[in-house]
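All chains, please: the whole structure from these sequences, using the hints.
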Amino acid sequence: GKTELALSTANWLGLPLIRMQCYEGLDESKALYEWKYGKQLLYTQILKDKMGDTLSDTKGLDESMERLHDFGDMFFSEQFLEPRPLLKALRQEHGAVLLIDEVDKSDEEFEAFLLEILSEFQVTIPEIGTIKATKPPLVFLTSNNMREMGDALKRRCLHLFIPLPGEKLERRIVASRVPNIEERLQRQLVAFVQALREVDLKKLPSISETIDWARVLMLLHADSLEIDMVRDTLNVLLKFEQDIETVERDVAELTRKAKQA
Numbered sequence: 016g017k018t019e020l021a022l023s024t025a026n027w028l029g030l031p032l033i034r035m036q037c038y039e040g041l042d043e044s045k046a047l048y049e050w051k052y053g054k055q056l057l058y059t060q061i062l063k064d065k066m067g068d069t070l071s072d073t074k075g076l077d078e079s080m081e082r083l084h085d086f087g088d089m090f091f092s093e094q095f096l097e098p099r100p101l102l103k104a105l106r107q108e109h110g111a112v113l114l115i116d117e118v119d120k121s122d123e124e125f126e127a128f129l130l131e132i133l134s135e136f137q138v139t140i141p142e143i144g145t146i147k148a149t150k151p152p153l154v155f156l157t158s159n160n161m162r163e164m165g166d167a168l169k170r171r172c173l174h175l176f177i178p179l180p181g182e183k184l185e186r187r188i189v190a191s192r193v194p195n196i197e198e199r200l201q202r203q204l205v206a207f208v209q210a211l212r213e214v215d216l217k218k219l220p221s222i223s224e225t226i227d228w229a230r231v232l233m234l235l236h237a238d239s240l241e242i243d244m245v246r247d248t249l250n251v252l253l254k255f256e257q258d259i260e261t262v263e264r265d266v267a268e269l270t271r272k273a274k275q276a
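If you read the sequence shown in the working numbering, its first letter stands for residue 16, the second for the next number, and so on.
A couple of the hints might just be wrong.
Said to hold, decoys possible - The following label-pair restraints were derived from C-beta to C-beta distances: (1) Asn-159 x Thr-59: 43 to 51 Å; (2) Leu-175 x Val-214: 25 to 33 Å; (3) Phe-255 x Pro-98: 32 to 40 Å; (4) Arg-171 x Lys-150: 12 to 20 Å.
Said to hold, decoys possible - Below, in silico cross-link-like pairs of lysine to aspartate or glutamate (EDC-like), each with a Cα-Cα straight-line distance of 16 Å or less: (5) Lys-254 x Asp-227; (6) Lys-274 x Glu-241; (7) Lys-103 x Glu-93; (8) Lys-17 x Asp-119.
If you are wondering where the hints come from, they were derived from the structure by calculation, not from laboratory data.
This structure is a prediction, so every number in the text was calculated from the model and none was measured.
Heads up, the beta-carbon is just placed ideally off N, CA and C, and yes, glycines get one too.
Set out below in structure tokens:
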């Protein structure tokens, strides 16, 4: 749902969507930029034979180092720069939609770095200079509340809570994403998922799991829910074995009620 909002906004605005998936240990080099070390090494080997000619008429180490200084600048120029999501978003001439997904998985140090970049929408690369966005990107940050975000970052964001949909809305979503599904099967599977969300589970099934399950049931040529088929496909909806075991005990009753919906 949250990711789909960013994608739909990008499509509506006609802008590219640039996504950065956050994870524990994410650092500046993976988020902003890094150098193409392989390309630098290749060019070094190619130019190695030329160095002798370049330094043949120099006198002493200082003069040789001065002569080589220009080569060093060349290796840290635009052609050797590998932009990562943040820098890509800043360099889009007509703007972009930047999705920073699951920001709560990153650590507090990265959050502080992110705050600095998003405050000014510019970054300084020592070897190149300051790169400032000509048109700042529209930024979406998503969080699953794995940890509390810092107040400074929250102050710069508009908070939008996206709850799990009710039955009518979820049926509309399934119908739009799985257009060929039978109306009876659509009604029953959504009712089943809605009931699952009332069970004490480690991870409740999201909209994406509902859509995936609908597609799986269609591949199995189902036209209504059957107990054995539901039991065999629970792993599409539930991602933890203990949740599957919990639901299996009541799968017959849950299926029966869903078929009456």
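Now the hints, each set against the structure:
In this structure the supplied range 43 to 51 Å holds for Asn-159 paired with Thr-59, their Cβ-Cβ distance being about 44 Å. Taking the beta carbon of each, Leu-175 and Val-214 are about 27 Å apart, inside 25 to 33 Å as hinted. Evaluation of the 32 to 40 Å hint for Phe-255 and Pro-98 yields a pass: the beta carbon distance comes to about 38 Å. Checked against the hint of 12 to 20 Å, the C-beta distance between Arg-171 and Lys-150 comes to roughly 18 Å, which is consistent with it.
Distance check on the hinted pair: Lys-254 and Asp-227 sit about 13 Å apart at the alpha-carbon level, within 16 Å; holds. Distance hint between Lys-274 and Glu-241 is fulfilled; the C-alpha atoms sit about 9 Å from each other, no more than 16 Å. About 13 Å separates the Cα atoms of Lys-103 and Glu-93, which keeps this hinted pair within 16 Å; it holds. This hinted pair checks out: Lys-17 and Asp-119 have alpha carbons roughly 14 Å apart, not beyond 16 Å.
Taken one by one, the earlier hints all hold for this structure without exception.
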